[in-house]
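Numbering-wise (my numbering), the sequence shown opens with residue 9 and increments by one.
Note that these hints are calculated values from the structure, not bench results.
Hints may contain errors.
Claimed, not checked - Using C-beta positions, here's what the derived DEER-type ranges look like:
1) G131 - D35: 31 to 37 angstroms
2) Q50 - A127: 33 to 39 angstroms
3) P84 - D54: 31 to 37 angstroms
4) E110 - P84: 29 to 35 angstroms
As the list claims (entries may be wrong) - Here are the simulated lysine-lysine pairs, BS3-like style, with alpha carbons at most 27 angstroms apart:
5) K146 - K38
6) K82 - K31
7) K38 - K82
8) K146 - K82
9) K82 - K62
10) K31 - K47
11) K31 - K42
In this text, a Cβ means the ideal position worked out from N, Cα and C, and glycines have one as well.
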Amino acid sequence: TPYNHRRQRQMCIRDRTVNVVDKILFDSGKAELKPAGVKVLQQIGDILNTAVDKNIQVEGHTDNVPISGSLATKYPSNWELSTARATTVLHFLQDRVGVSGERLSAVGYGEYQPIASNATAEGRAENRRIQIVLTAAKTP
């Protein structure tokens, strides 16, 4: 199954991917960074600044619970929420940490790339995440 990854903790670095569970970075249904998330992203950003030969793709992921209530006016679907969170992290890395914009990109995957089952609260919590993926920088 696609869920055979080892259990994700609050922050997990594997290969060239950093996984950060969303509850550290964001309150439910929001795309504004929490104070604890700022600290975590600062630490990650400091490391990313040393990897000058890598491009950085920030990926937003959600569970499969539909956006409802008043949140639906701001985020009509999980696509918008995941994209808003990814761009929030991207802007933090560029504006506060100083990562060059030429190295950054953001993408929202919504609920469509789960790493755990959405059938349980624990699985949904694992699926709500930001992934920071390092790729080889393109040479001109």
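Hints, verified against the model:
no. : hint                           : result
1   : G131 - D35: 31 to 37 angstroms : 20 angstroms, violated
2   : Q50 - A127: 33 to 39 angstroms : 35 angstroms, holds
3   : P84 - D54: 31 to 37 angstroms  : 35 angstroms, holds
4   : E110 - P84: 29 to 35 angstroms : 31 angstroms, holds
5   : K146 - K38                     : 33 angstroms, violated
6   : K82 - K31                      : 19 angstroms, holds
7   : K38 - K82                      : 10 angstroms, holds
8   : K146 - K82                     : 35 angstroms, violated
9   : K82 - K62                      : 33 angstroms, violated
10  : K31 - K47                      : 13 angstroms, holds
11  : K31 - K42                      : 9 angstroms, holds
Going down the numbered hints, you'll see the structure goes against 1, 5, 8 and 9, while the others check out.
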